[in-house]
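Q: Protein chains in written order, with this note's numbering: chain A, 28 to 140; chain B, 28 to 140.
These aren't lab readings, by the way, just hints derived from the structure by calculation. Model, not experiment: these values are computed from the prediction. For each residue, glycine too, the CB sits at the ideal point set by N, CA and C. There could be a bad hint or two in this list.
[What the hints assert, rightly or not] Output of the computed footprint for chain B on chain A, the stretches with three or more beta carbons under 8 Å from beta carbons of chain B:
id: 1; region: 75-81
id: 2; region: 122-136
[As the list claims (entries may be wrong)] Derived SDA-like pairs (lysine to any residue); straight-line CA-CA distance at most 25 Å:
id: 3; chain 1: A; residue 1: Lys132; chain 2: B; residue 2: Glu86
id: 4; chain 1: A; residue 1: Lys106; chain 2: A; residue 2: Tyr60
id: 5; chain 1: A; residue 1: Lys132; chain 2: B; residue 2: Leu78
id: 6; chain 1: A; residue 1: Lys132; chain 2: B; residue 2: Glu127
id: 7; chain 1: A; residue 1: Lys106; chain 2: A; residue 2: Pro140
id: 8; chain 1: A; residue 1: Lys132; chain 2: B; residue 2: Pro54
id: 9; chain 1: A; residue 1: Lys40; chain 2: B; residue 2: Ala100
id: 10; chain 1: A; residue 1: Lys40; chain 2: A; residue 2: Leu128
id: 11; chain 1: A; residue 1: Lys132; chain 2: B; residue 2: Glu99
id: 12; chain 1: B; residue 1: Lys37; chain 2: A; residue 2: Pro39
id: 13; chain 1: A; residue 1: Lys132; chain 2: B; residue 2: Gln58
id: 14; chain 1: A; residue 1: Lys37; chain 2: A; residue 2: Phe48
id: 15; chain 1: A; residue 1: Lys37; chain 2: B; residue 2: Gly76
id: 16; chain 1: A; residue 1: Lys37; chain 2: B; residue 2: Lys37
id: 17; chain 1: A; residue 1: Lys37; chain 2: B; residue 2: His125
id: 18; chain 1: B; residue 1: Lys40; chain 2: A; residue 2: Glu99
id: 19; chain 1: B; residue 1: Lys40; chain 2: A; residue 2: His125
id: 20; chain 1: A; residue 1: Lys106; chain 2: B; residue 2: Phe35
id: 21; chain 1: A; residue 1: Lys132; chain 2: B; residue 2: Phe35
id: 22; chain 1: A; residue 1: Lys37; chain 2: B; residue 2: Arg121
id: 23; chain 1: A; residue 1: Lys132; chain 2: B; residue 2: Arg121
id: 24; chain 1: B; residue 1: Lys132; chain 2: A; residue 2: Gln117
id: 25; chain 1: A; residue 1: Lys132; chain 2: B; residue 2: Gly76
id: 26; chain 1: B; residue 1: Lys106; chain 2: A; residue 2: Pro39
id: 27; chain 1: A; residue 1: Lys106; chain 2: A; residue 2: Tyr126
id: 28; chain 1: A; residue 1: Lys40; chain 2: A; residue 2: Ser98
id: 29; chain 1: B; residue 1: Lys40; chain 2: B; residue 2: Val68
id: 30; chain 1: A; residue 1: Lys37; chain 2: B; residue 2: Glu86
id: 31; chain 1: B; residue 1: Lys40; chain 2: A; residue 2: Gln124
id: 32; chain 1: A; residue 1: Lys106; chain 2: A; residue 2: Arg116
id: 33; chain 1: A; residue 1: Lys40; chain 2: A; residue 2: Ala136
id: 34; chain 1: B; residue 1: Lys132; chain 2: A; residue 2: Glu86
id: 35; chain 1: B; residue 1: Lys40; chain 2: A; residue 2: Phe48
id: 36; chain 1: A; residue 1: Lys40; chain 2: B; residue 2: Val68
id: 37; chain 1: B; residue 1: Lys106; chain 2: A; residue 2: Thr53
id: 38; chain 1: B; residue 1: Lys40; chain 2: A; residue 2: Leu70
There are 2 protein chains.
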Amino acid sequence: MSGGAPQFAKLPKPPYYAVIFSALRTPGDGQNYGATAARMVELAQQQPGYLGIESTRGEDGFGITVSYWDSEAAILAWKQQLDHSEARRQGRERWYQHYELRVAKVERAYGMP
Amino acid sequence: MSGGAPQFAKLPKPPYYAVIFSALRTPGDGQNYGATAARMVELAQQQPGYLGIESTRGEDGFGITVSYWDSEAAILAWKQQLDHSEARRQGRERWYQHYELRVAKVERAYGMP
Numbered sequence: 028m029s030g031g032a033p034q035f036a037k038l039p040k041p042p043y044y045a046v047i048f049s050a051l052r053t054p055g056d057g058q059n060y061g062a063t064a065a066r067m068v069e070l071a072q073q074q075p076g077y078l079g080i081e082s083t084r085g086e087d088g089f090g091i092t093v094s095y096w097d098s099e100a101a102i103l104a105w106k107q108q109l110d111h112s113e114a115r116r117q118g119r120e121r122w123y124q125h126y127e128l129r130v131a132k133v134e135r136a137y138g139m140p
Numbered sequence: 028m029s030g031g032a033p034q035f036a037k038l039p040k041p042p043y044y045a046v047i048f049s050a051l052r053t054p055g056d057g058q059n060y061g062a063t064a065a066r067m068v069e070l071a072q073q074q075p076g077y078l079g080i081e082s083t084r085g086e087d088g089f090g091i092t093v094s095y096w097d098s099e100a101a102i103l104a105w106k107q108q109l110d111h112s113e114a115r116r117q118g119r120e121r122w123y124q125h126y127e128l129r130v131a132k133v134e135r136a137y138g139m140p
């Protein structure tokens, strides 16, 4: 992913929820992937309960995207959003060799002093 | 970070804990940083309660490392490990422009079908 979002998410105090998405890209189809990833970030930002996103990918094609949400219900609604469902299907079929997704409740957080 | 660990962590079924560490590197001092990061991954793997790690960094210097642990107590012990404390000090002083750290309880997880 990584779609023009600022690097660090500005988040409220915990508790809130994190979706940790780690994925290894397939080679190729970079243009469609990049445009879709950028659009998914835009769409996520419009979803109720969206708090922020952090995303990065190394030169080896392995990336981690963490999106933050105010509730489990918000995560479920985003999963079911129609364009996102279609992007997820393309992700499984074309863009990712493998991915892992973990949903977690953030209990505490701190930044660099 | 990213220290020769395999890309995807093999984890047990939830619940377990995640430490989500996002950080923007300073330019330079790459050699000391790389060696220390690799050593920290080795050390973490020897800690009680360590489950796995996933880490990546983009060309812009922004990286996300997620380490997984079986309990909050394991995370606390790792935080207090002496060499890790020293590495964290150097991180704050030399290697990172900024970082954010979030501790979360993973409640559910699934991989690509």
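Q: Straight-line Cα separation of Lys132/A and Pro54/B no greater than 25 Å?
A: With Cα atoms ~33 Å apart, Lys132/A and Pro54/B exceed 25 Å; violated.
Q: Would you mind confirming whether the straight-line C-alpha gap from Lys37/B to Pro39/A stays at or under 25 Å?
A: 31 Å, violated
Q: Against the 25 Å threshold, does the CA-CA distance of Lys132/A and Gly76/B hold or violate the hint?
A: Between Lys132/A and Gly76/B the Cα gap is close to 19 Å, so the pair holds against 25 Å.
Q: Sort out whether Glu99/B lies within 25 Å of Lys132/A, counting only the CA atoms.
A: 13 Å, holds
Q: Within a Cα-Cα threshold of 25 Å, do Lys106/A and Phe35/B meet the stated pairing?
A: Cα-Cα ~22 Å, so holds.
Q: Need the status of pair Lys40/A, Val68/B: alpha-carbon distance at most 25 Å?
A: 29 Å, violated
Q: Would the pair Lys132/A and Gln58/B pass a check requiring their Cα atoms to be no farther apart than 25 Å?
A: The given pair, whose Cα atoms are some 35 Å apart, is violated under the 25 Å limit.
Q: Taking only the CA atoms, is the gap from Lys132/B to Gln117/A under or equal to 25 Å?
A: Roughly 29 Å separates the two Cα atoms, so the pair is violated.
Q: Quick one, are Lys132/A and Arg121/B close enough, alpha carbons at most 25 Å?
A: Cα-Cα ~31 Å, so violated.
Q: Does Lys106/B pair with Pro39/A here, judged by a C-alpha cut-off of 25 Å?
A: 24 Å, holds
Q: Taken at face value, is the distance from the CA of Glu99/A to the CA of Lys40/B at most 25 Å?
A: 19 Å, holds
Q: Are the Cα atoms of Lys106/B and Thr53/A separated by 25 Å or less?
A: 36 Å, violated
Consistency note: the structure conflicts with the earlier hints numbered 1, 3, 7, 8, 12, 13, 15, 16, 23, 24, 34, 36, 37, 38.
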